[in-house]
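Use these hints to put chain B onto chain A, whose structure you have.
Chain by chain, the residues:
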Amino acid sequence: MAKYILDFEKPILELENKVAEMKKLEDNLDIRDEISNLEEKVIQLKKSIYDNLTRWQRVQLARHPERPYTLDYIFMMTDDFVELHGDRQFGDDKAVIGGFCTIDEHKIMLIGQQKGRDTKQNVYRNFGMMNPEGYRKALRLMKLAEKYNKPIVTFIDTPGAYPGLEAEQRGQAEAIARNLMEMSRLKVPIIVVIIGEGDSGGALGMGVGDRILMLQNTWYSVISPESCSSILWRSWEYKEQAAEALKLSAPDLLEQGIIDRIVPEPLGGAHKDHKLMAAILKTVLKEELALFVKADPKKFLEKRIKKFGKMGMFIE
Amino acid sequence: MAWFKRSKQNISAESRKREIPDGQWVKCAECGEIIHIKQLELNMWTCIKCDFHFRVGSREYISILFDEGTFNEFDAGMKSGDPLEFTDTKKYTNRINSTMRDTGLSDAAVRGIGKIEGRDVSFACMDFKFIGGSMGSVVGEKISRAIDAAIEKKIPLIIISSSGGARMMEGAFSLMQMAKTSARLAKLNEEKIPYISILTDPTTGGTTASYAMLGDIIIAEPKALIGFAGPRVIKQTIGRDLPEGFQRSEFLQENGFVDFIAHRKNLKAQIAKVLDYAL
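Those sequence lines, one after another, are chains A and B. Numbering of the first sequence is given in the working numbering, commencing with residue 1 and proceeding in unit increments. Numbering of the second sequence is given in the working numbering, commencing with residue 1001 and proceeding in unit increments.
Incorrect hints may appear among the rest.
Beta-carbon label-pair distances, calculated as ranges [as the list claims (entries may be wrong)]: (1) Lys1090/B - Leu45/A: 36 to 46 Å; (2) Glu1250/B - Leu267/A: 12 to 22 Å; (3) Ile49/A - Thr1237/B: 33 to 43 Å; (4) Lys187/A - Lys1049/B: 54 to 64 Å; (5) Glu316/A - Lys1154/B: 24 to 34 Å; (6) Leu84/A - Asp1276/B: 41 to 51 Å.
In case anyone wonders, no lab produced these hints; they're calculated from the structure. Using N, Cα and C, we set each Cβ at its ideal position, and we do this for glycine too.
Bound-form chain A, shown alone (with noise of 0.2 Å):
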């Protein structure tokens, strides 16, 4: 697949190329000085780049076709995945992925929305966007977990429900809305990572639990940039002031008390290093995981519940 270049990347890739050419040529010149030099102004340059993304930025870096998906940490942090699939009512959604698999102590139920890498695995997977069956095959992996009494942990990665006639007729409303209702009662601690995009109901659906997660360059809204733009703004041209308007990013959602913690990923996005990013995150869900080894589900229930009862804002 060719490289994916997003605009704000190209004068560090020009830089690094520079670096790699005077490279070749160090056998014959003496040029050792220089390059490190270089070296140091590309480390600056990410640096500069990367400490003021723009949300709109971090918006394309959460769609980065590179990135790690859901797939992708299965391989690369789990063990003995034992994949589960329908919902035992009307098919088995393929923009979510569950079953069961082993993070070195732990063993859990793992939840995950699903894009694909190309075209031909995107219509395969549907963009990442779950119809109404594949929230009911979530739950019914939920529920076999409670049943297990194992946790889970959710993987949220869609540019949201499929706006479908099909869906519609299925009822992808009621689907998400008994998602929301059942997982802030089940008897198993959640975990839930935004590992790229969280847009709105679609995402919600996998999201209600303990604790929240985002990956640093990740995006959870109620809307995209792109249709608040044309609603609010009457046309597309908008989405990067919506997406400062919106207020997406992991940073703002964690000061908005919305979230928990963010994972931070590699320098450049979490595409430039997938192995570092799986690491990180395995560190990461192990430390979450372990707070609720031998907890008491009474009492995370009750604090799941009181947390997002008090997201909100008004005047009385």
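Coordinates of chain B only, in the frame set by chain A:
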């Protein structure tokens, strides 16, 4: 066919005004019948000729459902904050203030307790004319308090929805109102308190995908638009026109998502009948 006569294949424009205009006489949006405003009110804001249900708000529904003089509103002064300091083409706070002035409402939901055929009921009703009945923090909190009141007083809960979905200007806070209200309803279920959800035109987006679809009994008014995604978005996604009646109450009943459809004139009696079995 000449090129200038060609329309885009399979897709057509669609829009229809459903609000009640000012003045003494109104025209039915469905059949064109001219109706005097008093006559319309007597007919519970439905067309005398074709039964078209005009879009009405909390004030009208309170008068339709509750025994006269029994309804007490709570949290009437609750109004929206501006958690994101949101500005699009205008400031969110200005939008809120001007809408409050124009509608006389404090936000897109009213909640309180009243009597339906002598029985106490905790009630919340959305108002579409307040920023499209959008659900932000105030709506979420009022719905939650209506649920809490039902649990606390052990009385049934009734929610009337009329909403375009979550309110964009409060960002993720609006989204979280879906989780907040649904979690409260889980508690209501455990306490075995009855909940009747009433869907009116339109009920879409985050409202449908939370409390509106979680009723023990779900009643819809005739021909109301009910769905998750809006018809325009679906039309764009699939690239063809939607079938006649798609996402209307009758379609939802046919597909198993609505218990029954009630004409507004029978709504109170139908609710009372259901409550007889629920308690």
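Quick rundown of the hints versus the structure:
| no. | hint | verdict |
| --- | --- | --- |
| 1 | Lys1090/B - Leu45/A: 36 to 46 Å | holds, 39 Å |
| 2 | Glu1250/B - Leu267/A: 12 to 22 Å | violated, 56 Å |
| 3 | Ile49/A - Thr1237/B: 33 to 43 Å | holds, 35 Å |
| 4 | Lys187/A - Lys1049/B: 54 to 64 Å | holds, 55 Å |
| 5 | Glu316/A - Lys1154/B: 24 to 34 Å | holds, 26 Å |
| 6 | Leu84/A - Asp1276/B: 41 to 51 Å | holds, 43 Å |
The structure fails to meet hint 2 from the earlier list, while all remaining hints are met.
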